[in-house]
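Enquirer: The primary structure of each chain is shown beneath.
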Amino acid sequence: MSRDPSDSRCDDRYVDTAPYTPGAALRELERKDLDAPNWLLIWRKFRTHRLGLISGAFLLFCYLMLPFVGFVAPYGPNDRDAEHIYSPPQGVKLFHEGDFLGPFIYPMTSEADLETFQWVVKPDYDNPQRLRFFCEGSQYRLAGLIPADTHLVCPPEGATLFLWGSDRLGRDIFSRILFGAQLSLTVGLIGITVSFVLGIFFGSVAGYFGGTIDWVINRAIEILRSLPELPLWLALSAAVPSNWSPVAVFFIISIILGILDWPGLARSVRAKFLSLREEEYVRAAEMMGASSGRVIRRHLLPNFMSHLIASAALSIPAMILGETALSFLGLGLRAPAVSWGVMLNDAQNLANIEIYPWTAIPMLPIIVVVLAFNFLGDGLRDSLDPYQQ
Amino acid sequence: MEILRYALYRFGTMLLTLLLVSVLVFCIINLPPGDFLSNQIAELRATGQEAGVAKAEFLRREYALDKPLWQQYFIWMGLLPGPHGFSGMLQGNFGWSFEFDRPVSEIVGDSLWLTVLVNLAAVLFVYLVALPLGVLAAAKSRTMIDYTAAFIGYLGLATPNFLLALILFYYGHQYLGLPIGGLMAPEYEGEPMSWEKVRSILIHLIVPTFVIGTSGASAMMQRLRANMLDELGKPYVETAVAKGMRPSRMLMKYPLRVAFNPFVADIGNLLPAMVSGSVLVSVVLGLQTIGPVLLQALKSQDMFLSGFVLMFVALLTLIGTMISDVLLVLLDPRIRYESRDT
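So the protein lines, in turn, are chains A and B.
Each residue of the first sequence is one higher than the one before, counting from 1 in the working numbering.
Each residue of the second sequence is one higher than the one before, counting from 1 in the working numbering.
These are calculated hints, taken from the structure and not from any lab test.
No experiment lies behind these values; they were computed from the predicted model shown.
Mixed in with the good hints there might be a few duds.
[To be verified] Some chain B residues well away from chain A (every beta-carbon gap over 12 Å; in silico):
(1) Arg-45
(2) Pro-68
(3) Gly-277
[As the list claims (entries may be wrong)] In silico SDA-like cross-links for lysine to any residue, where the CA-CA straight-line distance does not exceed 25 Å:
(4) A:Lys-45 - B:Leu-80
(5) B:Lys-299 - A:Leu-308
(6) A:Lys-45 - B:Asp-266
(7) B:Lys-234 - B:Ile-201
(8) B:Lys-253 - B:Ile-145
(9) B:Lys-299 - A:Arg-13
(10) B:Lys-140 - B:Leu-120
[What the hints assert, rightly or not] Chain B stretches covered by chain A per the calculated footprint, using a threshold of three residues with CB under 8 Å from any CB of chain A:
(11) 231-238
(12) 315-322
Beta carbons: idealized from backbone N, C-alpha and C, even for Gly.
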């Protein structure tokens, strides 16, 4: 190695002559967004899950619309039209014999056919009638509070607007589906809240304290999980006194749905707690004098709240289906309450569906909503671990 | 014979669980305010039929309904002597159906076997459908086959059982000439077993099996697919392919065997849901299982009848879960003979 005589530090140590830049020593981050908060990372990943995103937006739209269904629905949930029983769906048309008329319908006249004992419905093609918008109709309460009677769209004077047909009492199925959504969709939310509270409470107590409490709770979870849900749901709802008001029945049914759902959740919470309670930050918190409740709520639960939310999105459909099944069998919500299950109660026999297929339409929103919840839950679950590529 | 000891242990825990379940069931059937007999007595009094009242009062004493609740439970179970000595569930006396005025065992009778049959058929269906479809979807992942299977699976999960039942019944009858309603042609009801009767039952089973099994099969299929995909990404699979093994043989021999365990274990989780489904579907399709009996009994507060049916349904699931646990240990030597807590 030759030595440069001009170098003043001639002490045999090698010194790189290249200019020193302090930033070069830092390693390039593998990802640019490592300092972003967790929820932002989850959101960015979730955004790429197209199906989940669409489902989430759809569900958000549905839930936001619930307070305003009275405005959107052309009829009230229990408005009867004795003249148009089992009227088939009416299409809204724009052109009449080539002329643009704006949204209009052909009025329907129905007659009883005394030979077959069926209602025969004939559209009157010569007499198109325009729909009315922002018009006065039956009374309803906006968000259950503010009385109003303005509807987005109303049937023309003297005619009907049964977009999805009418049922055996001449009630509009489309309007009833909208009103039914209020109960059918919130049943799942209330149920999941009950299940969440119970599941997190028992799961965290079992996992955090361990020992005898853990053993007892674990056995209870196992027993409840090994029992078929529906017969127990049936038995519990059969115990609801029949003279209770529809609102009380609704709440008690959602609580019943939640009561049998918590064991699954408690199990996963417990498993997480068992591993997390050994972490150092937990011991640190304990040594600083935090109470057990505080450690559980502030230090442990936030760790997997997102997992819990994803699993909630996956168990809401079970509750919606459960309510539908109970009401369908006549042990859940009862008329005059309107829910999708209650509506399907009318579609119980095959002959009915064969002659009046549109009475089975309420199954469509059920399938769509349940699918949407499944996709949303899957999407959430996939994007929960934002560091995984 | 360690496996035998495990099976015995598992059987013991099952009996204990069943005991706890009986307490739960007893609480549930006593939950509704009032009971069948007091309602009946009140009604008879109101219409002035004193003879009927005497009979109802007699039944009340006969079945110890005038005793405190905890004594009623022990008498019902046969752990305490009732008015006729020990005569409860444990002794094989399932009580009296007040509504039908016959012993419970006479009413449920045949429907017990048919319930077992329907559920067994549904479990078989789940395995037979989910196994090939799950493997196929994993092997051909991200192709049309995979997406079609996923789509059908999701639809199967999302459609309520009873709607599927109605739809399939309609189309099955329309296009395939499948019979509507019931589990056998009416002329075989109450007849002794014969080949024609078996044939009739089998044909009637097609639609219910399909309906009860679909949601279970789609859940199972998705899980098997996920497990298989996990395995397929592992280096040993690559090695096997690199060495020139035929894909189908490779699939069967290695990844499937690993992915198969959760598949068996899952039946324990699946069974409660399937029994639930069978109750609902039986009501809709009018099958002669205990589903309709349960609904009827619950609606009329016929407590011994509904209590027995609930116990039977619980027993069915518990036995199924036990069998799946024992099978799992047989299948996978890595699982030690301890409780399977995760």
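Enquirer: Next, verify each hint and record whether it holds.
Expert: Status of the hints after comparison with the structure:
For Arg-45 of chain B, the condition that its CB be more than 12 Å from all CB atoms of chain A holds, with the nearest at approximately 21 Å. Against chain A, the non-interface label of Pro-68 of chain B holds: every CB pair exceeds 12 Å, the least being about 20 Å. Distance to chain A contradicts Gly-277 of chain B as a non-interface residue, since its nearest Cβ pair spans about 7 Å, not more than 12 Å. For a cut-off of 25 Å, the pair hint linking Lys-45 of chain A to Leu-80 of chain B is broken: about 62 Å separates their Cα positions.
For the given pair, Lys-299 of chain B sits about 36 Å from Leu-308 of chain A by alpha-carbon distance, which is inconsistent with the 25 Å threshold. Only pairs whose Cα atoms come within 25 Å are accepted, and Lys-45 of chain A paired with Asp-266 of chain B is rejected, the gap being roughly 30 Å. Between the alpha carbons of Lys-234 of chain B and Ile-201 of chain B the distance comes to roughly 46 Å, so the proposed pair goes past 25 Å and is violated. The straight-line distance between the Cα atoms of Lys-253 of chain B and Ile-145 of chain B is roughly 22 Å, inside the 25 Å bound, and the hint therefore holds.
Taken as a hint, the Lys-299 of chain B and Arg-13 of chain A pair is broken in the structure, with Cα atoms around 96 Å apart against an allowance of 25 Å. Of the supplied pair hints, the one linking Lys-140 of chain B and Leu-120 of chain B is violated, its CA atoms being roughly 30 Å apart against a limit of 25 Å. Proximity of the segment 231-238 of chain B to chain A, defined as three or more residues with a beta carbon under 8 Å from a beta carbon of that chain, is not established by the 0 residues found. Given a C-beta distance limit of less than 8 Å, the hint that chain A covers the segment 315-322 of chain B holds, as 3 residues qualify and 3 suffice.
Comparing the model with each earlier hint shows violations of hints 3, 4, 5, 6, 7, 9, 10 and 11; every other hint is respected.
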